[in-house]
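Peer 1: Residue-level listing of the chains:
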Amino acid sequence: MVRRSAGGKVSVIGRRDVLLGAGAATLVAALLSGAKGAAAQDKPNGWEDIVKKLMGDAKPVDGKIAIDLPEIAESGNTVPFTVTVDSPMTDASHVKSVSILSTKNPSPLIGTFHFAPEAGKASITSRMRLAGTQDVVTLAAMSDGRFIMSKRMIKVTIGGCGG
Amino acid sequence: MSVKPRIKVGDVKAPGDVVEVKTVIQHVMETGQRRDGAGKLVPRNIIHTFSASFAGKQIFKAELQPGISANPFISFFVKIPAAGDMELVWEGDENLKVVEKVPVKIG
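First to last, the sequence lines map onto chains A and B.
Residue 1 is where the first sequence starts when you use the numbering used here, and the numbers rise one by one after that.
Residue 1001 is where the second sequence starts when you use the numbering used here, and the numbers rise one by one after that.
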């Protein structure tokens, strides 16, 4: 609808001003109150920092870690996983620990599992919560000081972190 | 909240066999991130440590975070050189401690 009268134009501009003003106010309110919540969801959850803390100055090397995960998890509340690291598990050469990290959960570390050589096999099976489709990172610390890192993508239909 | 855990140790046919140990314990594993109906944060209540020893030596230890699902299922492997006792310990928030002893026989 086009209004040619000067009064009409003025009224249109007036409404725009009101809308702009309202939009700006909403934006400011969102920045003030909602910034924290939005940041927690969209920004990285800091899993890289935890990897750095676990590894120190070491650089991860190639090695055999098998991460067994479903292709698609229907519920993020219980996602079964098995992580197996190829190792002879002798006193001289064994896996000391395996850490599992989520790249999207509000708290990135899922768990750390420590092994003695007497375990005979460095393998762990459990179930985790995942907030949504993401990469799952596994970091294995070896007895000789090396670290092996591996990453797997998993699709999650319904996130499992509540709220 | 917690009840007796369920434990299954694989068959040891000969000394030196590596067997799988499967465990489940009932627990809410409350993350501490969830809010109740009134909008208040529900305090964290999880099992944070699980450990397994055989013949007095610790073989396996798990440090669990809220990212582990409710009723945590944990399965791992142990090499059994001779018959002996396996001790499994679950420790959690609110002073939870569950200790189970499982005799392991050969053959």
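Honestly, the hints are just simulated from the structure, not real lab data.
Glycine residues also receive a C-beta, built at the ideal position from the N, C-alpha and C atoms.
Hints are not guaranteed to be accurate.
What the simulated footprint calls covered on chain B by chain A, stretch by stretch (three residues with Cβ under 8 Å from a Cβ of chain A suffice, anywhere in the stretch; the number is not a length) [what the hints assert, rightly or not]:
| no. | stretch |
| --- | --- |
| 1 | 1006-1015 |
| 2 | 1051-1061 |
Straight-line distance between alpha carbons at most 27 Å, and here's what the computed DSSO-like set of lysine-lysine pairs gives [unchecked claim]:
| no. | chain 1 | residue 1 | chain 2 | residue 2 |
| --- | --- | --- | --- | --- |
| 3 | B | LYS1061 | A | LYS52 |
| 4 | B | LYS1040 | A | LYS121 |
| 5 | B | LYS1040 | A | LYS96 |
| 6 | B | LYS1008 | A | LYS121 |
| 7 | A | LYS53 | B | LYS1061 |
Peer 1: Each hint needs a verdict: does it hold in this structure or not?
Peer 2: Hints and how they fare:
no.	hint	result
1	1006-1015	violated (count 0)
2	1051-1061	holds (count 6)
3	LYS1061/B - LYS52/A	22 Å, holds
4	LYS1040/B - LYS121/A	44 Å, violated
5	LYS1040/B - LYS96/A	40 Å, violated
6	LYS1008/B - LYS121/A	17 Å, holds
7	LYS53/A - LYS1061/B	20 Å, holds
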